[in-house]
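Enquirer: This is what each chain is made of:
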Amino acid sequence: MSEGLAEGVGVARAHQFETVAQQRQAATLGIWAWLITELLLFSALFLVALITRIEHPEATVAAARHLKFWIGATNTVVLLCSSLTMSMAIEFSRMGWQRAMVRALLATAALGSLFLVLKAYEYYADWEEHMMPFLAHRPFALEETPAARLFVNLYYVATGLHALHLFTGIALLLGMTWMAAKAGFLARHQNWIEVYGLYWHFIDLVWILAFPILYVVNRGP
Amino acid sequence: MTPDHPALQLWPVAASATAVETDELILAFTVLTLVLTVPVFIAITWFALRYREGSEADRTPSGIRSNLIEISWMLIPFLLTLVFFAWGAKLFIQSKNPPPDAMVVEVIGRQWMWKFQHPTGQSEINDLHLPIGQPIKLRIISQDVIHALYIPAVRMQIDALPDRYTQMWFKADKVGTFHLYCSEYCGTDHSVMGGKVTFMNPGDYQDWLVHAGAQQGKVASGRALYQAYGCAGCHEPGSAVRAPGFAGLFGSQVGLADGRTVTADAAWLREKILNPNGDRLAGGGKQVMPSFAGRIPEQELGLLVDFIRSYPATGHAAEATR
Amino acid sequence: MSASGTIEGAARREPHVPESTIGRKPDYLHAESTLRSWFFTTDHKRIAILYLTSITGFFVIGALAAGVVRLALIVPNGAIMTNDTYNKAFTIHGVVMVWFFLIPSIPATFGNFLIPLMIGAKDLAFPKLNLTSWYVFMGGALFTLVAVVLGGVDTGWTFYAPLSTAFSNSWVLPALIGVTIVGFSSILTGLNFVVTIHTMRAPGMTWFKLPIFVWAHYATSLIFLLATPVITTALVLLIAERAFHVGVFDPAFGGDPVLFQHLFWFYSHPAVYIMVLPGMGVISEIVPAFARKKLFGYRFVAYASIGLASVTFFVWGHHMFVNGQSDLASLVFSALSFAVAVPSAVKVYNWTATIHKGSLRLDTPMLYAMGYIGLFVLGGLTGLYLATLAINQHIHATYFVVAHFHYIMVGGTVLAFLGGLHFWWPKFTGRMYSEPWGRVSAVLIFLGFNVTFFPQFILGYLGMPRRYATYPPEFQLLNVLSSAGATILAAGYLFPMLYLVYSLWFGRKAPANPWDARGLEWETASPPPTLNFERPPEVPRIPYDYPIQATEAKDQHR
Amino acid sequence: MKSPLARLSPGDRALLWRHLRTPVLTFLALLGLLGVIVALGATQPFAQAWIVELAVVALMVALILLVSMEVRREPPLIRLFSGIGFFWVCIMIGMTLTDYLAR
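Residue numbers (my numbering), protein chains in the order written: chain A, 1 to 221; chain B, 1 to 322; chain C, 1 to 558; chain D, 1 to 103.
Since the hints were made in silico from the structure, they are not lab data.
Just so it is clear, CB atoms sit at the ideal spot from N, CA and C, and this is done for glycine as well.
No false leads were slipped in.
Distance ranges between label pairs, derived from CB positions:
hint : chain 1 : residue 1 : chain 2 : residue 2 : range
1    : D       : Pro76     : B       : Ile71     : 26 to 32 Å
2    : D       : Asp12     : A       : Lys182    : 22 to 28 Å
3    : B       : Met103    : D       : Arg103    : 24 to 30 Å
4    : D       : Pro76     : B       : Pro100    : 56 to 62 Å
5    : D       : Ala55     : C       : Tyr135    : 42 to 48 Å
6    : C       : Gly57     : B       : Val241    : 38 to 44 Å
7    : C       : Tyr135    : B       : Pro297    : 49 to 55 Å
Assemble the whole structure, with the sequences as input and the hints as a guide.
Expert: As structure tokens, this is what we get:
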């Protein structure tokens, strides 16, 4: 919210709004409305994972134990760090420390990219281990339990969709950082940083749901 | 048209006690619908006439407290309809709990035919013969997509799922022949996937099992397979592919491309279905038929050959059974 | 998110000039006339016109496909076309009508145009996003139309697995991708409306001064936000299933095709209310305007909109009573479905009570509204037949269902759409249409509709399954009757297209408020200026401030 | 940073710490909770570990929503919007399970 903004930091009013406060409120509400749709999008996948677990408990456990647990855990730490740098960027924007903010944003983008690199390595390792059942011509390591395929493929859909969100997020973030580095940005568009921050935190939140649901919970019998 | 012409019939035949009960429920619900809607229709029409602009009418507010009206017209129709929920639920629960002595008929749905197997082993395609006065339980499964077995005369339908059994039970009490449909859209020939269910006296049913069930049903089954496997698309006279027809084929002498002549007997026809590339026919037609080896079970091959055997000397497949 | 900063927004506000003055600033239609000014506009009114023209095009495509279906069913033996052609025709009809006409119909056109006007705002909260949603919509439409042109789809609009994933040989993938994309357009529209209604209301425009139209669109937008993402997931999984054999819906690997139906109907049942609620909003504007009377039970009608939007999320399983779901689920879903009767009854009885002791003018919009009420009541109550478990086992997937949902979708949404189109046509275009032609078409559509669809109720309980290219000969009489009705209906649709377009050039110029109606949209010129109001509108004391007001209605606003 | 940390004036340093205290503490708390999940997942000490894991996840989600995303400082409308999605997820999962758990 707008309390505690440093001098010279603020938002320029767009023509359709009457006041800046109204504009800020609209932007915050808008991003939250969007985040609701993101939550339901991923939750439907988590529901499918739950049904798969209920219908095929053994196959799901076998599949989940094949996932790269430690890469997933490391990636969760990476995203938590990026959340921290994002929070810092928001605070710097409020303080009017533009250069520090830009650096924090770049750090966030770098951590997001690190996540994607680790994820890509994880996919590569999965491929090596014949854990890509959706590839028609590559034998599947758990061929003897056909239902394991369901969970493994679902893992690709869910993590792929999350990676797509992260990738889009990094692209937007870099574009915004480029603009944010220019003089006068904080006087006109400070709330972009806050609104974007909500999106970034939420992608983290989705991963914090996805990691236990896909990697952790199904390891147990 | 006479008054009892089927096109003028406005209520479907009910062939079981449950069907009659369902009809009673529908009729009672219709009475409620009329009670709830007719006043609205009359009111709208009456108000439209009575209170038209320029008409002399009393437009002073009635002074009725609106909250009371609002709550009453929210709750009264709702409570009335809840009675029908309970009634419908009661019948539904009955329909989900077959009596233990029910006769079990296995049903398999496939694009685009039904296969029924009687407890005594006889099987039928698309048509189903059943005794009356005896609870029947159909155990239903599909081999490909989702189908649904629908018998309007007993007011029942249930999906045939590819991965697990569903069931339907009823006790028919009226002799006659009724429609049997697939009611879950299943692809190109969805509307053709159906036939007739015939409810018979138990004695007639036993008789049918012994005689017709084993004999006359075969050709009809073969015809259904002929359609279902797509044979008719090429082999029926008038088709674009102009594949060899079956009229008068069985037992005749067939000239082959290598000059030999063979007799089209059961064994040769069977082999030709499984391996169309062998024994090329004389006449130079292009061989386009795919092999059906592994696609048609042995027992169904027999039915197909029986169907070709009884194919009329002239005309179309439909006549083979009529 | 928000538009780029223009600080001179306040300076643009012009001093109020009386309407008759000739030198007034050009209205939104005439402000600019280049193609660029239309295709890159961020004006909600112009975007509404873009949507209106595109969905009219889709309506024509869908209606032609319906014509093909009715043509095929004149004969029982399928002699007119192959089963395959028939299946593709009804699939195109369903896909186009549901996703490219009914869902965007009223929200994206009237909602887009009127919500800012009704709440006294200059535009929606996110104008660029609004334009984006139209491009996303057209992008999705492109994919689906490509599927149609390449050879069509034969899965039905419901895309049930495993028919759509493993067995259909038609162009399922592009159609699925198109429908998935269109979902994003819905989400963006809904998001824009929610934020606009929350944050952009003019000073003094409190929630209980909002027209029911705005309430209805708020409820609709919540459904857009809460339901659409789930069908996106379901369709993404279906696409992955068809392209990569993921397996979650494929019984060959232990997947469950019924799971797709759960996800599908979690969206598609609420989607019924995406189509119905905006129509209810339109009717709630028309009825008081032509009865010259305040809407009866305003607060109840407003709450009923939110009530419908919430209850609708608990009842999706009533589409699956015979699909092998558990008996417990069927019982629960059936019981909850009856709760939908409560808010629906509130709406219908309040409209009827509004007419009571009014001063009625039976102009074209009112004729549509009265037709709507009658048909919606029938459509709604036949829905309760289908929600009753034992009855459902008989009439599920028969023509009874087809008749039922056409009473809701055509009798409801399309009549409301046409009623609203005639009601606000002067506001959209600044022209009046021919009133006699309007009335003739309204009556023709009402009659044609009933002749087309009432016989289908009878066909349904006689046991004719839906989606049948061929059918037993005893059903021919009723089918021919239905097809005959469809030709009347087609004529009824054709007339408005002709005389409305004619009025664009030759119609009488419309005054700002031709119906003497209440609501802020009538306070500005017809057509409105680009920034909607020449000066900030004055919010009325109460909503629906018509001459005739029952005392009980006033009580609610003390 | 604006300039290396050491060269900040004491006032700036206080300002910095005041602004960054909450994010840093949240980050440490989240790391700790993640540690619990990872430890439980890796060792599987008892069969019902999944209940604890899901409870910890719920805690992490609440922490991110309330603190990182600042819902606790938002007006009631935003609080409603941040919660409504989770409520709808419960509807979706709950009603679907009436089918799967009762088959």
